[in-house]
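Chemist: Each chain, written out:
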Amino acid sequence: MVATGANALLHDAPSGARLRVTGTRLSRDAHYDTAPRDARIRLVRAGAMIALRARGLYQLHASAAVDPRGIAWLFAGPSGVGKSTLAYALSRQGWQILGDDGVVLEPTAGGATLHAWREPLQVSAALTTEFPELRDREHLENLHDPRRRIPMPVSTARHAPLGAIIFPRRAEHDRLTAMPQTMALAELMLQSSQVLLADSETPRHFARLRDVIERVPSFRLEHTQKQLHEIAHTLGAVPSV
Amino acid sequence: MKYKAIAEALVATLSDGAVLLNLQTKRYYSLNETGTRIWEMVQQTADEESIVATLLNEYEVEETMARAEVRRILDELIEAQLIVPA
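Here the protein sequences line up with chains A and B, keeping their order.
Reading the first sequence from the start, the letters are residues 0 to 240 in numbering that gives the first Met the number 0.
Reading the second sequence from the start, the letters are residues 0 to 85 in numbering that gives the first Met the number 0.
For reference, chain B alone in the conformation it holds in the complex (with noise of 0.2 angstroms):
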């Protein structure tokens, strides 16, 4: 399945991660740096098996563990309102 940002979403990438900023909700939201990459890969509207994959071609972790890490941040962007269904 596919995702985009929000249009009102804000990003500050920093050295251990990045904070979003969503101007709808006023709230904002620490990552760290394995969300910031999946972050950055939603954004560039790749599908939740495409990003799976490039966490695997990236670091060292086994696929059942990157399955859940992709699924549990893209939930988290989910309820926090920063990512919608493309």
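Isolated chain A, as found in the complex (with noise of 0.2 angstroms):
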């Protein structure tokens, strides 16, 4: 896909097909009406990506989950990290989903609201032995998923305050550690990718990346299995959230 800038021409290279943003707008282009489904959610996907970026609300790569106190914890990093795995094994818990693959990051005055982007929560089916409830869900594992996920019904929120930011990683020990500012922006910009398209609109999408993580606190989560029975006491533990 080829964007050229706040109002982008997007080109689905495997169809042909293109979508149109023109503000916050989207509209069909040519060979749209008639391309495989697929290629036409890719194309939307991206181009609600783009408006909503216009509109000063950013799609982030990351899971999302809220406490029963209503308080939005978010979970930013690459795939494999285990940002799906720790929001589900949240929901267990009685936390509401924002999202397993994606959120919208809205800043505000005061820190920031993470809306829900609905797409179903999926987890490894190799974590049968932790969620045991997997396996009654195994025939609808994707097969053509290389990393085996099963979706999973959980209790989903539409939208609440950002609490703290957590960059998980998997590691053979379990640790919570305060992350310098200038990395956590660093990593956050990566799973905010749309701030690279260098266009009229990134200065702007920048600037409150580096707002949100100066008034929200953010944390690098070292890992290991055991978290996932663990994980909203560790989160519980975090002063002043």
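Honestly, the hints are just simulated from the structure, not real lab data.
Just to be clear, a hint being listed does not mean it is correct.
DEER-style ranges, computed between Cβ atoms [claimed, not checked]:
id, chain 1, residue 1, chain 2, residue 2, range
1, A, Pro-202, B, Glu-75, 18 to 26 angstroms
2, B, Val-60, A, Thr-128, 51 to 59 angstroms
3, B, Ile-5, A, Asp-32, 40 to 48 angstroms
4, A, Arg-146, B, Arg-70, 42 to 50 angstroms
5, B, Arg-70, A, Asp-32, 57 to 65 angstroms
6, B, Gln-80, A, Arg-117, 38 to 46 angstroms
7, A, Pro-77, B, Asp-15, 16 to 24 angstroms
8, B, Ala-67, A, Lys-225, 44 to 52 angstroms
9, A, Val-237, B, Gln-43, 48 to 56 angstroms
10, B, Arg-70, A, Glu-213, 26 to 34 angstroms
11, B, Glu-48, A, Asp-28, 50 to 58 angstroms
12, A, Arg-44, B, Ile-5, 27 to 35 angstroms
13, B, Gln-80, A, Gly-93, 33 to 41 angstroms
The beta-carbon is built from N, C-alpha and C at its ideal position, and this holds for glycine as well.
Each chain sits in its own coordinate frame; assemble them with the hints.
Modeler: Structural data, given as structure tokens:
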């Protein structure tokens, strides 16, 4: 896909389909109506991210869960660090889910609000020992998914104020430590890749991510499988969130 | 020698330093507190000698070390295509 600025013409290379983004509006362009459904979904997903960005709302590659007090915890990081798994582990303890592989960040004067990005939460089929209920849904496993994930029903929330940003990393020990702000911003940018579009929205996008990092505490969570049962307790010990 | 920041550089200053985003190369860089101060002076078109003099005035550091640190950071910013000779 190619974006050519705040007003973008998105091009899905495999199908040749195009979708135009004009400000906050999406409109069909060449070959869109005849493109396969998955190509149209890819285009609309990318177009929605750009249109939201024009309204000061930023899609993040992250999961998020809302604690019993109504505070959202964001789990950001590349694929495979445990974002979805930790969110699912929290959902089993009564937390509500805002997103599995994506959420929408709205910077505010006091910090940020997280909004849901509706996609089914999926959990690796390899985790049946930790989550026995996965066995009942193994027939739903996506066979085309190299990570063998199973969609799981969870309680969801629509939006919540952001309390903290967690950057998980798999490790041989469990440790939660405060992140330096520069490191947190750099890692958050990588999960908000439209900041690299280098269009007229980019300075505002970059500045808003900075504002969020300055106002919301960030932590590195090095975790083992043990956290799948202890994560709520671990986060509960974080001061002033 | 004087340097200037490229127009396509965005900077986000934070409590422990700064993050620079080069929109030309689409790469980002982190600076510590000293690096951030040097970046600020480059933006004010200070030359290398006056940057060293300012650091000596603001930090308890030996001149040899300050000079080497300024040169190292300027070289890194040049390598990152974030600054060019003014």
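Chemist: Is 42 to 50 angstroms respected by the C-beta to C-beta distance linking A:Arg-146 and B:Arg-70?
Modeler: holds (47 angstroms)
Chemist: Given the hint of 38 to 46 angstroms, check if B:Gln-80 and A:Arg-117 actually sit that far apart at their C-beta atoms.
Modeler: The hinted range 38 to 46 angstroms holds for B:Gln-80 and A:Arg-117, with Cβ atoms some 40 angstroms apart.
Chemist: Lying within 26 to 34 angstroms: is that true of the beta-carbon distance B:Arg-70 to A:Glu-213?
Modeler: Given a distance of about 31 angstroms, which is inside 26 to 34 angstroms, the answer is holds.
Chemist: Given a hinted range of 18 to 26 angstroms, is it respected by the beta-carbon distance of A:Pro-202 and B:Glu-75?
Modeler: holds (23 angstroms)
Chemist: Just to be sure I understand the hint, the distance between the Cβ atoms of B:Ile-5 and A:Asp-32 should be within 40 to 48 angstroms; is that true here?
Modeler: holds (43 angstroms)
Chemist: Within 48 to 56 angstroms or not, the Cβ separation of A:Val-237 and B:Gln-43?
Modeler: violated (40 angstroms)
Chemist: Evaluate the given range 16 to 24 angstroms for the C-beta pair formed by A:Pro-77 and B:Asp-15.
Modeler: holds (23 angstroms)
Chemist: Taking the CB of B:Val-60 and the CB of A:Thr-128, does the distance hold inside 51 to 59 angstroms?
Modeler: This hint holds: roughly 55 angstroms between Cβ atoms.
Chemist: Does the hinted range 57 to 65 angstroms hold for B:Arg-70 and A:Asp-32 at CB?
Modeler: holds (59 angstroms)
Chemist: Please test the hint of 27 to 35 angstroms on the beta carbon pair from A:Arg-44 and B:Ile-5.
Modeler: holds (33 angstroms)
Chemist: So does B:Glu-48 sit 50 to 58 angstroms from A:Asp-28, Cβ to Cβ?
Modeler: holds (56 angstroms)
Chemist: Between B:Ala-67 and A:Lys-225, is the Cβ distance one that fits in 44 to 52 angstroms?
Modeler: Because 46 angstroms falls inside the window, the suggested range holds.
Hint compliance for this structure: hints 9, 13 are broken, all remaining hints hold.
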